[in-house]
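Could you put the whole structure together from the sequences, leaning on the hints where they help?
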Amino acid sequence: MTPAITGALAATVALAMSSVCARAAVSMDTFFTPGCVRVLILSGRNNHDWRETTPFLRQILEHTGRFDVRVTEEPAGLNEAALAPYDVLVTDYNGPRWGEIAESAVSRFVRGGKGLVVVHGASYAFGTMEILGPAHRRTGLREPPWPDYAEMVGASWTEGPPRSGHAPRHVFEVRVVDRDHPITQGLPPTFRISDELYHRLVLKPGSRVLAVAYDDPKNGGTGKDEPLIWIRTYGKGRVFHTALGHDVAAMQSPGFVATFVRGVEWAATGKVTLPARLSWELAPQNPLRVQLVVGGHDFDPTLFKVFEGWTDMRTNVVWQPEA
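In our numbering, the protein residues as written are 2 to 324.
The set of hints was computed from the structure by calculation and includes no laboratory data.
Hints are supplied without guarantee of correctness; some may be wrong.
Result set (DMTMM-like, lysine to aspartate or glutamate): computed pairs, CA atoms no more than 20 Å apart in a straight line [to be verified]:
1) Lys272 to Glu160
2) Lys225 to Asp179
3) Lys225 to Asp149
4) Lys225 to Glu174
5) Lys205 to Glu152
6) Lys205 to Glu227
7) Lys237 to Asp149
8) Lys225 to Glu63
9) Lys272 to Asp181
10) Lys205 to Asp179
11) Lys205 to Asp226
12) Lys272 to Glu101
13) Lys219 to Glu174
14) Lys272 to Asp69
15) Lys237 to Glu63
16) Lys225 to Glu160
17) Lys205 to Glu160
18) Lys237 to Glu144
Here the structure is a predicted model, which is why all the values come from computation and not from measurement.
Here it is as structure tokens:
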């Protein structure tokens, strides 16, 4: 075969391949809602109840009308082509590593200019600590850490001393300490939430802390303001981290909803257009109004499930009856 023919054949093949790739890229657009931010939630393993939290995260995102959301329960099967249509990844995953292909694809996705959002226990994943099973069950399993993940998240858990962790779940006040960032602009200066308050995470340089909470020693805390919500850059990409969101009951907090959806939008686009006050539920016609008063003793958070799923009921939770 002459060089001229070889060159012509190579050019023809290259043109055909580029045409196929172009058609594939364009055709994917038809499967997403025009104008919406494309979100992929990574789930399927967690020491928390991901079967409850992942659908709820999807619900509050879609309720804004700003996002088109998909979910994968097997992130280990991802590759660069599978991630290409999306603007931002939300990880609700805490389990074994995904393997070189999937991990490299996620790193390239974020480094190349897209977004990553890390929710609650997902910050624990892929580090030096023991892998935990469902309901925090000990597994005895350990793997070599994924260093890129800690760089993306902006923090890591450590066995210490002092050891990273949290005191018993309780109601605490989250304080916004950076009100100049688009995510926090317009938010109340504080909000209350019943959640786990993570402490002693090793924060990496370059993480911009947006909100903290005082970890009261009376409740087993450190006596310090612990960083809970922060942002950072990774390559050209944007990362939003929230340590809040232990379960659906915690995620129903207006403070969680507002910071989460605005954080997802910022990670995806670099801008925030969503309002500071948002609701995660549709407003029914003439709803039955229920006020749930809790406090004064420990209780199983699954109590809240009794009030979930009722489209004709609006439930308000009062955490401090004395107030």
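Each hint tested on the structure:
no.: 1; hint: Lys272 to Glu160; in the structure: violated (36 Å)
no.: 2; hint: Lys225 to Asp179; in the structure: holds (17 Å)
no.: 3; hint: Lys225 to Asp149; in the structure: violated (28 Å)
no.: 4; hint: Lys225 to Glu174; in the structure: holds (13 Å)
no.: 5; hint: Lys205 to Glu152; in the structure: holds (8 Å)
no.: 6; hint: Lys205 to Glu227; in the structure: holds (14 Å)
no.: 7; hint: Lys237 to Asp149; in the structure: holds (14 Å)
no.: 8; hint: Lys225 to Glu63; in the structure: violated (36 Å)
no.: 9; hint: Lys272 to Asp181; in the structure: holds (13 Å)
no.: 10; hint: Lys205 to Asp179; in the structure: holds (18 Å)
no.: 11; hint: Lys205 to Asp226; in the structure: holds (16 Å)
no.: 12; hint: Lys272 to Glu101; in the structure: violated (31 Å)
no.: 13; hint: Lys219 to Glu174; in the structure: holds (15 Å)
no.: 14; hint: Lys272 to Asp69; in the structure: holds (17 Å)
no.: 15; hint: Lys237 to Glu63; in the structure: violated (26 Å)
no.: 16; hint: Lys225 to Glu160; in the structure: holds (19 Å)
no.: 17; hint: Lys205 to Glu160; in the structure: holds (16 Å)
no.: 18; hint: Lys237 to Glu144; in the structure: violated (28 Å)
Checked against the numbered hints listed earlier, the structure breaks hints 1, 3, 8, 12, 15 and 18; every other hint is satisfied.
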